[in-house]
Amino acid sequence: MDHKITAVIIEDEKNILGFIETVLSDGSYKTFTAATGTDGLSLITSRCPDIILLDLGLPDMDGLEIIKKVRQFTQTPVIVISARTQEAEKVAALDLGADDYLTKPFGTSELMARIRTALRHSQNSKEAACVYSRGGLVIDFGKRRTTLDGQEVHLTQIEYKLVSLLARQAGKVLTYDYLMRQIWGPYNDSNNQILRVNMAHIRRKLEKNPAEPEYIFTEIGVGYRMRDE
Amino acid sequence: MMIPFKTRRSHLSRQVLLRNFVITIICLMIATLLSTLFFLLSHNTANIAIIYVLAVVIIAQNTAGYGCGIVASLFSVAFINFVFTYPYMELNFILDGYPVTFLGMTIISSLSSTLTTHLKEEIQLSNEREHMLMEAEKEKMRANLLRAISHDLRTPLTSIIGTSTSYLEQGEHMDESQKTHLVKTIAEDAQWLLNMVENLLSVTRINNQTASVNTTLEPLEEVVSAALRRFYKRTPGAKVQARIPDELIMLPMDATLIEQVLINLLENAVYHSGSQTPTSLSVDTDNGFAHFHVRDYGSGISPDRLDTLFDGYPSTPNHSSDSHKGMGIGLSICKTIINAHHGQISAKNHPDGAEFIFSLPLGENTYGS
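Here the protein sequences come in this chain order: W and D. FYI, in the working numbering the residues of the first sequence are 1 to 229. FYI, in the working numbering the residues of the second sequence are 1 to 369.
If you are wondering where the hints come from, they were derived from the structure by calculation, not from laboratory data. Virtual Cβ for every residue (Gly too), placed ideally from N, Cα, C. Incorrect hints may appear among the rest.
Stated by the list, open to error - Looking from chain D toward chain W, a few residues come up when the C-beta cut is under 7 Å (computed):
| # | residue |
| --- | --- |
| 1 | Ile58 |
| 2 | Gln61 |
| 3 | Ala64 |
| 4 | Glu222 |
| 5 | Val224 |
| 6 | Pro245 |
| 7 | Glu247 |
| 8 | Leu248 |
| 9 | Pro252 |
| 10 | Ala255 |
| 11 | Glu259 |
So here's chain W without its partners, still in its complex pose:
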């Protein structure tokens, strides 16, 4: 294997750092680790990694600061790993430009899946896929056509905008705030009821059982995520 994916892991908890490193080095990854934010930032600038795993609670600075700094010079995917479980913190990290969020504790398979998804995104955004196709749902961005199991689905203008926004970044959590800004503009009020109602309508058009959706998942208190496998 000549080309390995490089990952920078910034985490001050030695046990967890060791565990993530072990998991990643089994696969096709080359890992660099840092226990402080300063070391982490210099690793990112010197190694130009393909993906960054970041713990928010670091001894020398807040992980959110690192996201801000990283986003100033690169779009490298950042997956936040944190023990903070409040939605507000997840939202803050995502809104600052993190690609995904894993709450401690997490399983290895989930970690690997999230990493693969994030990597695929950074590929996708370069190639700009023109069709989303998962399970029976096909969205043709060029023709603005949505079909479910071969049947055409009639979405309103706003519903299509929402679905295509989610589908283009499938697997990534899009926050309520981000979606509101993208669809209704920056001057909407902070009440997201209109978004929730539109999502409910979409769900009724795309999902067989809204209680067990196949395509669009809710992240309670944070936002929505479209299926990506």
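Fit chain D to the given chain W structure using the hints.
Chain D only, in chain W's frame:
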């Protein structure tokens, strides 16, 4: 006339004294004004006495301590004698029949002033007592919760420590399947601990003082689907049949907490029913409430536990060590969460197993779809 008077409660502040003084003066002035009117119109002194008694009662009610009421009553008696009885503008206590009236009035007004003051003190005392009782109740709940938590934490921890120690000490004499079994046990117990910690964390979202939560209108289906997804991820192989109404229902709630309740109830159903039939989760609405039903098709709940199911600790001490995964604090946390949402939670047996039901009030604006 009133300022030198010292109340028995020497701790009354200047401000309170001033307030007492002002109230007393105003009441007496109003009484005097009314009496003068009466006197000019009818010359009837009996009514005047009654007006002053009324004034004294009002003063006693609205001032702190006995002082003002008694002083006001003495003053009234003297003042009526001075102004409103013949000879006018002269004190004369030996007038025919009047001494009895004055004595009566003095006693009545002093008595009523002491009575109202007593009443006020009684009320204050009983308020304090109630407050203390509530505090004690809270303290008791906290102690119970702590006891339940430490019991529930100790069980899986004991198992983790025991299992990992035996793996480390006797690992070389074991075959692969035995090792896998041990590690699996550790993983299960760690998972159980995680559930517990999440439950405890969720309690911190409830406001301690008012026992209330921050609610926003959330679509029912989103909460149910999110809970199901997390539940499946944690309990691979579990089966749930979910049925919710077709129309869009928005409920005011803290979605994270209700998600936790649903997961607790589903996990409960899977671990305790001992049955392979899928658990059913259904929601219906009536009378301004949404009712969530979690039904399992297993052995049901033993009748003697039904009453104390949500209390957070086993009804009898002997029950506590019966199973490795007791119902634990999960259900008591469910109850706390539902209560904070002004809802209700209950459990009952149906012919084929157990059923947990909780109800949440519907929001004012429910959107039709």
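Results for each hint:
1. For Ile58/D, the shortest C-beta to C-beta distance to chain W is roughly 51 Å, which exceeds 7 Å, and the interface hint is violated.
2. For Gln61/D, the suggested interface contact is broken, since its CB lies about 49 Å from the closest CB of chain W, more than 7 Å.
3. About 47 Å separates the beta-carbon of Ala64/D from the nearest beta-carbon of chain W, more than 7 Å, and the hint is not met.
4. At about 4 Å, the closest approach between the beta carbon of Glu222/D and any beta carbon in chain W falls short of 7 Å, and the interface hint on this residue holds.
5. Taken as an interface hint, Val224/D checks out: its beta carbon lies about 5 Å from the nearest beta carbon of chain W, inside 7 Å.
6. At a threshold of 7 Å, the smallest CB-CB gap from Pro245/D to chain W is about 10 Å, leaving the interface hint violated.
7. The criterion of a C-beta within 7 Å of any C-beta in chain W is not met by Glu247/D, whose closest approach is roughly 9 Å, and the hint is violated.
8. Proximity of Leu248/D to chain W holds as hinted, the smallest CB-CB distance being about 4 Å (cut-off 7 Å).
9. For Pro252/D, the suggested interface contact is broken, since its CB lies about 12 Å from the closest CB of chain W, more than 7 Å.
10. This hint holds: Ala255/D has a C-beta 5 Å from the nearest C-beta of chain W, less than the 7 Å allowed.
11. Look at Glu259/D: its Cβ gets to within about 5 Å of chain W, closer than 7 Å, so that hint holds up.
Violated hints for the displayed structure, listed by number in ascending order: 1, 2, 3, 6, 7 and 9.
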